[in-house]
Amino acid sequence: MPPAADTAPAPQPAAESAPSPAISIRDVSKSYGTERKGQPPVPVLRGVSLDVRPGEFVSLMGSSGSGKTTLLNMVGGLDVPDAGIVTVAGQNLARLTDKQRSEFRLRHIGFVFQFFNLLPNLTVRENIALPLLFQSRPARDADAAAASVEEEVGLGGKGARRISQLSGGEMQRVALARALIHRPAVLLADEPTGNLDSRTGETILALIRNLAQEHGATVLMATHDLAATQASDRVVRMRDGQVVSGDDAEGAA
Amino acid sequence: MGRFPVFKALIGSYLRHERGRTLLTILGVALGVAVLVAIDLANESAVASFKRTVSDVAGRATLTVRGNGAGIDPALTRTLAKAEGVEAVAPLIEGTATFVPAEGSTETLTLLAVDLLAPGGEEEVRDLSFQLAENVGFTDLLTSPGAMIFAEGFLNRAGLALGERTRLRVLGLETEVFVAGVVRGSTYAEALGGNVAVMDLGNADLLLRRGGRLDRIDLITTEGLPTATIQDRLARLLPPTVSIERPEARSTQVDNMLAAFRFNLGALGHISLLVGAFLIYNTMSIAVVRRREVIGTLRALGISRRRVRWAFLAEGLLMGAVGGVLGIVGGIGLAAALLDTVSAAISINFVQTNAESLALSPGKLLFALGLGMATALAAAWGPAAEASATPPANTMRRGSLEHTLRPRSRWRLALGLASLLAGAGLLFLDPRPGLPIEGYAASLAFVVAFLCAVPGLLDGLSRAAKAPYARLFGAEGLLAISSTQSSLGRASVAIGGLMLGLGMTISVSVMVASFRDTVVVWMQQVLQADLYVSPRAPSAVARAEPMDAALADRIEALDGVAFVDPFRTRRMDLMGAPAFLGAGRLEAARFSNEDIYGRPMAEVLREAKANDQLIVSEAFARKRGLERGDTVAVPTPGGLREFVIASVYYDYSSEQGYAIMDRELYLQLFDDPLIDSVAVYLKDGADPGAARRAIEGAAAELGTVPPLRISANSELRGYALEAFDRTFGVTYVLQFIAIIVAVLGVATTLFAQILDRADEILALRYVGASKGRVAKMIALESALLGFVGVVLGVASGLALSWILTKVIMIQSFGWTIQYEIPWLLIGQIALVVFGATLAASVLPAREAVNRGNGRSMMGVR
Numbered sequence: 001m002p003p004a005a006d007t008a009p010a011p012q013p014a015a016e017s018a019p020s021p022a023i024s025i026r027d028v029s030k031s032y033g034t035e036r037k038g039q040p041p042v043p044v045l046r047g048v049s050l051d052v053r054p055g056e057f058v059s060l061m062g063s064s065g066s067g068k069t070t071l072l073n074m075v076g077g078l079d080v081p082d083a084g085i086v087t088v089a090g091q092n093l094a095r096l097t098d099k100q101r102s103e104f105r106l107r108h109i110g111f112v113f114q115f116f117n118l119l120p121n122l123t124v125r126e127n128i129a130l131p132l133l134f135q136s137r138p139a140r141d142a143d144a145a146a147a148s149v150e151e152e153v154g155l156g157g158k159g160a161r162r163i164s165q166l167s168g169g170e171m172q173r174v175a176l177a178r179a180l181i182h183r184p185a186v187l188l189a190d191e192p193t194g195n196l197d198s199r200t201g202e203t204i205l206a207l208i209r210n211l212a213q214e215h216g217a218t219v220l221m222a223t224h225d226l227a228a229t230q231a232s233d234r235v236v237r238m239r240d241g242q243v244v245s246g247d248d249a250e251g252a253a
Numbered sequence: 001m002g003r004f005p006v007f008k009a010l011i012g013s014y015l016r017h018e019r020g021r022t023l024l025t026i027l028g029v030a031l032g033v034a035v036l037v038a039i040d041l042a043n044e045s046a047v048a049s050f051k052r053t054v055s056d057v058a059g060r061a062t063l064t065v066r067g068n069g070a071g072i073d074p075a076l077t078r079t080l081a082k083a084e085g086v087e088a089v090a091p092l093i094e095g096t097a098t099f100v101p102a103e104g105s106t107e108t109l110t111l112l113a114v115d116l117l118a119p120g121g122e123e124e125v126r127d128l129s130f131q132l133a134e135n136v137g138f139t140d141l142l143t144s145p146g147a148m149i150f151a152e153g154f155l156n157r158a159g160l161a162l163g164e165r166t167r168l169r170v171l172g173l174e175t176e177v178f179v180a181g182v183v184r185g186s187t188y189a190e191a192l193g194g195n196v197a198v199m200d201l202g203n204a205d206l207l208l209r210r211g212g213r214l215d216r217i218d219l220i221t222t223e224g225l226p227t228a229t230i231q232d233r234l235a236r237l238l239p240p241t242v243s244i245e246r247p248e249a250r251s252t253q254v255d256n257m258l259a260a261f262r263f264n265l266g267a268l269g270h271i272s273l274l275v276g277a278f279l280i281y282n283t284m285s286i287a288v289v290r291r292r293e294v295i296g297t298l299r300a301l302g303i304s305r306r307r308v309r310w311a312f313l314a315e316g317l318l319m320g321a322v323g324g325v326l327g328i329v330g331g332i333g334l335a336a337a338l339l340d341t342v343s344a345a346i347s348i349n350f351v352q353t354n355a356e357s358l359a360l361s362p363g364k365l366l367f368a369l370g371l372g373m374a375t376a377l378a379a380a381w382g383p384a385a386e387a388s389a390t391p392p393a394n395t396m397r398r399g400s401l402e403h404t405l406r407p408r409s410r411w412r413l414a415l416g417l418a419s420l421l422a423g424a425g426l427l428f429l430d431p432r433p434g435l436p437i438e439g440y441a442a443s444l445a446f447v448v449a450f451l452c453a454v455p456g457l458l459d460g461l462s463r464a465a466k467a468p469y470a471r472l473f474g475a476e477g478l479l480a481i482s483s484t485q486s487s488l489g490r491a492s493v494a495i496g497g498l499m500l501g502l503g504m505t506i507s508v509s510v511m512v513a514s515f516r517d518t519v520v521v522w523m524q525q526v527l528q529a530d531l532y533v534s535p536r537a538p539s540a541v542a543r544a545e546p547m548d549a550a551l552a553d554r555i556e557a558l559d560g561v562a563f564v565d566p567f568r569t570r571r572m573d574l575m576g577a578p579a580f581l582g583a584g585r586l587e588a589a590r591f592s593n594e595d596i597y598g599r600p601m602a603e604v605l606r607e608a609k610a611n612d613q614l615i616v617s618e619a620f621a622r623k624r625g626l627e628r629g630d631t632v633a634v635p636t637p638g639g640l641r642e643f644v645i646a647s648v649y650y651d652y653s654s655e656q657g658y659a660i661m662d663r664e665l666y667l668q669l670f671d672d673p674l675i676d677s678v679a680v681y682l683k684d685g686a687d688p689g690a691a692r693r694a695i696e697g698a699a700a701e702l703g704t705v706p707p708l709r710i711s712a713n714s715e716l717r718g719y720a721l722e723a724f725d726r727t728f729g730v731t732y733v734l735q736f737i738a739i740i741v742a743v744l745g746v747a748t749t750l751f752a753q754i755l756d757r758a759d760e761i762l763a764l765r766y767v768g769a770s771k772g773r774v775a776k777m778i779a780l781e782s783a784l785l786g787f788v789g790v791v792l793g794v795a796s797g798l799a800l801s802w803i804l805t806k807v808i809m810i811q812s813f814g815w816t817i818q819y820e821i822p823w824l825l826i827g828q829i830a831l832v833v834f835g836a837t838l839a840a841s842v843l844p845a846r847e848a849v850n851r852g853n854g855r856s857m858m859g860v861r
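So the sequence lines, in the order shown, correspond to chains B and W.
So for the first sequence, our numbering puts the first residue at 1; every next one is plus one.
So for the second sequence, our numbering puts the first residue at 1; every next one is plus one.
It is possible that part of the hints are untrue.
Stated by the list, open to error - Reference excerpt, derived from the structure (chain B facing chain W, CB under 10 angstroms, subset only): (1) Leu78; (2) Ile85; (3) Phe111; (4) Phe116; (5) Arg178.
Simulated from the structure, these hints should not be mistaken for lab results.
For glycine and all other residues, C-beta sits at the position ideal for the given N, C-alpha and C.
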C-alpha cells in the first residue's frame, strides 16, 4: 500500500549486514512513442540494472541518446519505467503517485542542471531556499538555512543579489546550494560542468564531491566529459540504452 | 520552400499546428470587427431607410417649402407657381391612418393628400401614376370624401380589391373609405413600405383637420438656373413661419440630430476592437515564444531581423484579414438582429424609420476590414519586434526573453502625465451640445494615462505584495510574484486589456444606473396625476395618433375626477432645429410640491401662465444656448410669435427638447382640436379602478376615440423604465463581449508566461513541486493580474463614468444626470471578472503541469 498522499515516503531502514544501495535499478526498460501513427516505439533503456551505494559518487558516461538522462529521470521519479524497478533510498518509486513522487523529490533528491535553471527574478537566497519553502518550512528557518549553505558553496554575502548579477560558476553554486539545502539522500546532476569553462568546472565538481560527502548524499552524475568523471568513485558507461561497463558496484572504486 | 521561405518556416505550418492560438487571434479581430460592423450597419440601415424615404418622397423636387407645424396658406401655392425660376409646384398634406378591419392591426398608412385637380405639378414632382377602379371616374376622386388610391403592396397585404370599401382611423376618428384606384410600381410608394394611400387635397382637409392649411409644397426649379439663387429669391416671398430648403437638407438635419447617438454607439464599437487588440498582442506573443528556437536558428543562418519582424507582421496581417472577414460576416448577422432595436430607438427618439433590410455599403465593410487588419498589425508590432530584437545566441538558449520592459520609463511617465493633463484640460472646456468630441477625447486621454501607469503600478504592487504573498501562500506565492515581475510587459498588456474591458463596462453601468436613478426621481416629480390616458400606439416603432380633445372634457365631468390636464405635442422646427411644442394646463402644477430651480413649481408655472410665457426643457435650452428670460420664436398660423422663457426644467423624454405653453394660449394660437394624452387627477378617496372604468365608458360613448391605454401612475413609470432598460440592452451585449475578450487576454498572457518559463516550471517540478503546487502558482499569478486589472478597471471605470455622465451625456443629449455610484453593482461586476480571471488560469495551469510530462531539462527527450 502506498503511503499517505501528503506525507513524504520515508526511506526504509538499512539491512543489518551489507548496507542497502541508495539507488537500486533492476531490469529497467523504457520506450517512447506509440504505434498509433504506424511508428514503432523507440526503446531508450533496455533492461538496465545498476546499484549505487550510499555516499557513492557515480558518473554515467555515454554519448547523446545513450539513455543516461532518461535513467536520471527514472531515479528522480520524473518518469516511470515500462518494466523493471527503481528503488531510491529504499523506496520503490513505481508505487508512488505523482504527488507522492513530487513530495519524495522534495525531501530526498536534489538536482543540478547544465543550464542552472534558476529563477531570474528571485534573489540568490530565495532561489536556494525554495525547496524548504516548498516543504512549508517557516520563511525565517528557510532563510537561515539558505544563508548557511551560501557560505558552504562560497557565496557568502551574495544572498541578496539577483541571478543576472552572477557569473556562470556562481550560478552553478547557487544551483548546487539549492540542490543540497534540504539534505537530500541523492544528488542527481546532469552535465553540471557543460556550461562552464574547464577551470570553473573543476571547482564545481570538487564542490559537489566535498559537499555531497559532508551532507552524506549519494551522487549520480550524467556527463560525456571524461575529465569530469575523475571526481567520481565509479564510472558507468552506457550505450544504446544499456549499461556496458561499471555496473558492478563491488568491483568499482 | 517556395517564394517566402522565412514566412513559411516561421509562420506557415504553425498556424495549423497551433490551432487554438490561431483561432483565438482570429477571434480577437473578429469580435471587435463584428461589433463595429454591427453597430455601424444597424445604425446606417435605420438612417438610410429614413433618408431613402426622404429622397423618394421628395421625388424630383429641387426645393421644398415647409409649414413647420404651423401650416402654409394654400394661396402661397399660386404665388410660388408664378415666381420666376419655378417650373412646377406640388402642394401636400401628409398624415397617418390605421387600418381598422384587421384584428390588432399594426398596419399604419401614410396618407398623402395631393392636388389632383392640378395633376401637372404632381406628376412632374412625384411618381404616383395610378389606375382607377372600374366604375370610378376621375371626378369621383374629387367629390367622394372616402375615395382613396392605395399602393398595390398594401392592397395585397390587406386583401382588398379595387372598388372595395374598408375602414381607416384617422386622428381618432373611424371613417369609411373605398379603394378608388391602385398605385403601381411607384418608388415613392415603395419608399413608404407600400403603405400609402393618396387622396385629393380638398377631401383631406376635413379628414386630417389642418384648418385649410398645407404641410408642404414641393417645387421643381428651372434647370440651368442656380437653385440657391432661386431659393434666396423665393424665401423673400414667404411668411416667417414658413421655410424653404433643399429636400436633402432634411437628411442633413437628421444626420445632425442623430450624430451624437451614432457617435456614442460607434465609440463603444471601437473600444471593443481596442480590447481585441490586447488579445491579439498576447496570442502573437505566444507565437513568438513558441517559435523562439526556430527564430534563433534562422537568425544564426543569417536571416535578418527585418525579415523575422516582417514574417510576424505578415502573420498579424493575415490573422487580421481572416478575422476581419469573419467579423464582417458575424457583424452582418448581428446587425440584422440589432436592426429592429436600433430602428425602434431611432423611431421613438428621433424620426420614424422602418428599415427592413440592411444597407450594406462595400466601402464601409472594406473600411472595417482595413481597421481590423490595421489593429492586428499594430497589435503584432510589439511581439514582432520582440522576436526580431534578440540576437541569435539568446534565442537559441532556453529561457525568457521578457526582460525588455522597464517599469518606470521616462517617456511613459511623460506620456502618462501629458495625457492626464490633456484629459483634465479637455474637461475644463464647457460642455457644448453636439458631438461629444471633447468628452471622448478626455476619456481617451485618461485611458492612455491609466495604460501608461500600468507597468509602474504592477511593478510597485508586486514588489509590495511579495512578502505578504510569500507569507500567505508560501513558495507558490513567491514564485507567482517572481513570474509576474519577470514578464512585466506581457502582464501589463493583459492588465491593460482587462482594465479597458472592465473600465468600459463599469463606466457604462454607472452611467446607466445614474441615468436610471435620475429618471426615476424625475418621474416622481413630473408624474403627479393618478391616471394617464393616451391612445395605444399601433406598434413599437410608431407614435400613437392623437385623439379628440372632447374626451378630456368628458373625463373632467366624471365623478371622482378633480382635474384633467390634456396635453398636446407637436413636432416643429423651433429656432432652427426640430423640437416638440407642448401644450398643457400649467395650473396642474398646483398638485406638485416640487421646486423648479429653487422656486415652487406651482408658483413658477402660475406666473408663466399669467404672462403667456413658456417653460423649456434643459435639452431645448442647451441646444439653442437659451436661458431663463430669453425668448423663443414659435411659428403659428398667425405668424411668428415670440415668447419669454419663464423657466428651464429637467426633462429626459426627448433629446430634441420641449417648449411648453399653457393650453389656453395654445388654443388661441393654433386651431387644433386634438390632444395626445390626458393626465387625470382624482379626488381624495376616489377609486382608481372605478375611474378607469368610467373613462372607458366615456370614451365608448364618445365613439370617436382610438383604443386607449389607461395607466395608473405606477404603471406608467413601469412602462417608462421598461423602455429605458430596453434602450440600453444593446450596451450590455457590448460590455459582455468586452469582458470576455479581456478575460481571454489574461488567459493568453498566462499561456505565454508558461511557454516562456517552461524550463523554470520544469525545474520546479524537479525540485519537488507537485502539479497541484504548480497549478496553485499559476492561479496565484492569475489572481494577482486579476486583482490589479480589477482595481485599475474599477478606478478607470469610475473616472470614465464621471466623464460619460457629466460631460458626454450633456454634450450628446443636453441632459443633466445626477451622478451616483452603484457600489453593489460594481462590486458584483468586479467579483465576477476577478472570478473569471481565476477561472481563466485553469487551462494555462493544466498546460503548465503537463509540460513536465515526457520532457526533460536535460537535453534528451
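Checking against the hints above, which ones are violated?
-> 2
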